[in-house]
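Visitor: Given chain U's structure and the hints, the job is docking chain W onto it.
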Amino acid sequence: MNSIWLWRPFGRRSASILMAFCVGLSSCQRPAQDLPPAPMFWLPAEPLRAQQVEPAPVVVEPVAEPFAGSTIIYFDRDSVTLDAAARGVLDMQAEWLLQNPRVTATLRGHADLLGNRGRQFAIGEMRAAAMRRHLAARGVASARIQITSFGKEKPVATALDQESQRRNRRGETIFKGVAGQ
Amino acid sequence: MRLNLAVSIALLTVANCISPAAAQDRLFVDIKEGVMAPLAIGIPTIASDIQVEAGTGGDIGLALASVIRADLTTSSFFRVVDAPSAAVADDKSLLSAFSAKGAQALVIGRPARAADGMLVYSCALYDVFSGTIETAREFRVSQRQWRRAAHKCADLVFAHATGYSGHFDTRFVLVSSGAAAEEPATRLIAVDVDGANPTELLNNGELVAMPQFSPDNRSALFVAYQSDMPRIVLFDLESGRRTSLQLPAGLPSAARFSPDGSRAVLALSQDGNTDIYEYEFAVGRSQRLTDMTGIDTSPSYSPDGKSIVFESDRSGQPQLYVMRLDGGDQRRISFGGVHGSPVWSPDGSLIAFVTQTSEGQQIGVMAPDGSKRRILTEGGHDEDPSWAPSGRAVSFQRVSQNGSPPEIWVTDVAGRVQYRIALPLAGSEPHWSETLP
Numbered sequence: 001m002n003s004i005w006l007w008r009p010f011g012r013r014s015a016s017i018l019m020a021f022c023v024g025l026s027s028c029q030r031p032a033q034d035l036p037p038a039p040m041f042w043l044p045a046e047p048l049r050a051q052q053v054e055p056a057p058v059v060v061e062p063v064a065e066p067f068a069g070s071t072i073i074y075f076d077r078d079s080v081t082l083d084a085a086a087r088g089v090l091d092m093q094a095e096w097l098l099q100n101p102r103v104t105a106t107l108r109g110h111a112d113l114l115g116n117r118g119r120q121f122a123i124g125e126m127r128a129a130a131m132r133r134h135l136a137a138r139g140v141a142s143a144r145i146q147i148t149s150f151g152k153e154k155p156v157a158t159a160l161d162q163e164s165q166r167r168n169r170r171g172e173t174i175f176k177g178v179a180g181q
Numbered sequence: 001m002r003l004n005l006a007v008s009i010a011l012l013t014v015a016n017c018i019s020p021a022a023a024q025d026r027l028f029v030d031i032k033e034g035v036m037a038p039l040a041i042g043i044p045t046i047a048s049d050i051q052v053e054a055g056t057g058g059d060i061g062l063a064l065a066s067v068i069r070a071d072l073t074t075s076s077f078f079r080v081v082d083a084p085s086a087a088v089a090d091d092k093s094l095l096s097a098f099s100a101k102g103a104q105a106l107v108i109g110r111p112a113r114a115a116d117g118m119l120v121y122s123c124a125l126y127d128v129f130s131g132t133i134e135t136a137r138e139f140r141v142s143q144r145q146w147r148r149a150a151h152k153c154a155d156l157v158f159a160h161a162t163g164y165s166g167h168f169d170t171r172f173v174l175v176s177s178g179a180a181a182e183e184p185a186t187r188l189i190a191v192d193v194d195g196a197n198p199t200e201l202l203n204n205g206e207l208v209a210m211p212q213f214s215p216d217n218r219s220a221l222f223v224a225y226q227s228d229m230p231r232i233v234l235f236d237l238e239s240g241r242r243t244s245l246q247l248p249a250g251l252p253s254a255a256r257f258s259p260d261g262s263r264a265v266l267a268l269s270q271d272g273n274t275d276i277y278e279y280e281f282a283v284g285r286s287q288r289l290t291d292m293t294g295i296d297t298s299p300s301y302s303p304d305g306k307s308i309v310f311e312s313d314r315s316g317q318p319q320l321y322v323m324r325l326d327g328g329d330q331r332r333i334s335f336g337g338v339h340g341s342p343v344w345s346p347d348g349s350l351i352a353f354v355t356q357t358s359e360g361q362q363i364g365v366m367a368p369d370g371s372k373r374r375i376l377t378e379g380g381h382d383e384d385p386s387w388a389p390s391g392r393a394v395s396f397q398r399v400s401q402n403g404s405p406p407e408i409w410v411t412d413v414a415g416r417v418q419y420r421i422a423l424p425l426a427g428s429e430p431h432w433s434e435t436l437p
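Those sequence lines, one after another, are chains U and W.
Take the first sequence: its letters are residues 1 to 181, numbered as in the working numbering.
Take the second sequence: its letters are residues 1 to 437, numbered as in the working numbering.
Chain U with its partners taken away, still in its complex shape (with noise of 0.2 Å):
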């Protein structure tokens, strides 16, 4: 008979231990194990912590006219190729940027859902890097940019059909500071 036999080795030997153990009984003596409470289980029910609160960023909008609408590019598929659309708006950018030399910005990557997390993650980081280096290319200094991925972790659509995806796709820009010379 062709028999995988799946149970423990030990399993018959402790079993027979009990058995031994028994003999003479009224009732079996059984082993007994105390189940300590686990931390992950029973954490207290308030906040754990004080939050650390951080001064609010001063946030500028893009109040001028060439930013309405226009803080937001957006990417192929698996790519981190800026189109001319998207260089577009950077070089926009870039120009406000140069006559606003209080302002700093803050680019973040975003990847759809249609890729493994980690991946999405990295992709996100690319796009950044490359709004970053294109910005660069037209003046800006790097230390005034900060890039961050959220990759596929903040996105605007959730469902999976290509048009809700694309627009998960994006590369944003935050500005921070104060406008003006």
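No lab work stands behind these hints: they were computed from the structure.
Positions of the beta carbon are idealized from the N, C-alpha and C atoms, including for glycine.
Some clues are possibly wrong.
Result set (SDA-like, lysine to any residue): computed pairs, CA atoms no more than 25 Å apart in a straight line [what the hints assert, rightly or not]: (1) 176(U) to 184(W); (2) 176(U) to 226(W); (3) 176(U) to 415(W); (4) 176(U) to 272(W); (5) 372(W) to 415(W); (6) 372(W) to 360(W); (7) 306(W) to 246(W); (8) 306(W) to 227(W).
Stretch-level coverage of chain W by chain U, calculated; a stretch enters the list once three of its residues show a Cβ under 8 Å from a Cβ in chain U [claimed, not checked]: (9) 38-47; (10) 128-142; (11) 147-155; (12) 204-216; (13) 280-293; (14) 372-385; (15) 396-403.
Calculated from the model, a selection of chain W residues having no Cβ within reach of chain U, i.e. all distances over 10 Å [claimed, not checked]: (16) 79; (17) 93; (18) 245; (19) 272; (20) 274; (21) 332; (22) 335; (23) 414; (24) 424.
Guide: Relative to the frame of chain U, chain W by itself:
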């Protein structure tokens, strides 16, 4: 030699324990020529005089049995036999009644209240044919943690009948928005293996991602965003203390503990290039392990701590690679299509992964040399595999085409049984804990 049922019942009436001369046959999950015959198991609901919670009227004996039944139902190793209609309570009548229903094994659990108020759950696995107790144990647990007694009993049965350690007295760590799927996840949540006992571990308004319990279950490691910037945070679950890993410049992600918990392996992205680093907690130092152009990410240790599997697009499409702990001997193990998010199984024999096809994303497994590749799921868009400590199941996240909140699913390693874990709130990115002590 197998004792017949009448004889064994006669023995049972003498005492609640069994002569060593009883059956030489024993309970096992039988696999013949690759076809598994699940063990037919009965789990009678035995009433007690103890309530689940004072005043609710729910009987804890019935509740415990239903937890065990739900646990074993999720495994293809077992076929849970319906309870006989007649309410019987003594072991002898139970054996007889379940034998008539075709049960090969019986789990009899009896709760009692100890003098100190603790719940004592006596759990015994019977061979129905011989009438012998195969294994038995008492679990003492605080009333508040009563479900753990049932999970421990299910683990005892699972381990005895299959030879694999169980995975029922475990938890998942998840991230959750607590709201619609479009909201970013700012909560770290833990739930039992069956979705019960949701606990909020952290909710301080920061976006959190890629969570994992430490091997000793005492801390968690995850990505948290502060002022737009991601950090890897080590979170001590007992003290509530949070520590950000001090890493070289760049954006860190995908951190995973080493099997002994002393180190972590992670990905660090710097100016368009992502490489694997190892971080040592005691000294707060990191070492770079890969230096190829492109994306090397999603690293996972082998259980012996000597190798790392990771995902890389160095040859074009993302594929799986294995390397030594010092970064040496990097070799590709997956070919064709797209492979990513590898996770090494607890016994080292398999690597779970996500593969992408024109139909979507599926969870699969392969041996560490790339052989024996099998796809386990066909849900359309499955990702984030995580091994059960038993090595017999993999949890994952399933997303639907319409964008409704992600669901948490489990598949057995044969791809035979799949089920959704009912959660009281939206959760994603599940990671399966080790079995609790």
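Visitor: Each hint: holds or not?
Guide: Here is how each hint holds up against the structure:
1. 176(U) to 184(W): 22 Å, holds
2. 176(U) to 226(W): OK: residue 176(U) and residue 226(W) at ~16 Å, within 25 Å.
3. 176(U) to 415(W): 51 Å, violated
4. 176(U) to 272(W): Roughly 23 Å between the alpha carbons, so the hint for residue 176(U) and residue 272(W) holds.
5. 372(W) to 415(W): 14 Å, holds
6. 372(W) to 360(W): Holds, because 21 Å separates the two Cα atoms, which is no more than 25 Å.
7. 306(W) to 246(W): Roughly 24 Å between the alpha carbons, so the hint for residue 306(W) and residue 246(W) holds.
8. 306(W) to 227(W): It is violated: about 36 Å lies between the C-alpha atoms, which goes past 25 Å.
9. 38-47: Violated: only 0 residues of the stretch 38-47 of chain W have a Cβ under 8 Å from chain U.
10. 128-142: holds (count 11)
11. 147-155: holds (count 3)
12. 204-216: This one holds; 6 residues, not fewer than the three required, reach chain U with a Cβ under 8 Å.
13. 280-293: violated (count 0)
14. 372-385: It holds, with 3 qualifying residues against the three required.
15. 396-403: That given contact holds, which follows from 5 residues of the stretch 396-403 of chain W lying within Cβ reach (below 8 Å) of chain U.
16. 79: 15 Å, holds
17. 93: 18 Å, holds
18. 245: 16 Å, holds
19. 272: 4 Å, violated
20. 274: Check fails; 4 Å does not lie beyond 10 Å.
21. 332: The claim holds: residue 332(W) sits with its nearest Cβ about 16 Å from chain U, beyond 10 Å.
22. 335: Per Cβ check, residue 335(W) is outside 10 Å of chain U; nearest 17 Å; holds.
23. 414: Consistent with the label, residue 414(W) stays out of reach of chain U, its closest Cβ about 13 Å off (over 10 Å).
24. 424: 15 Å, holds
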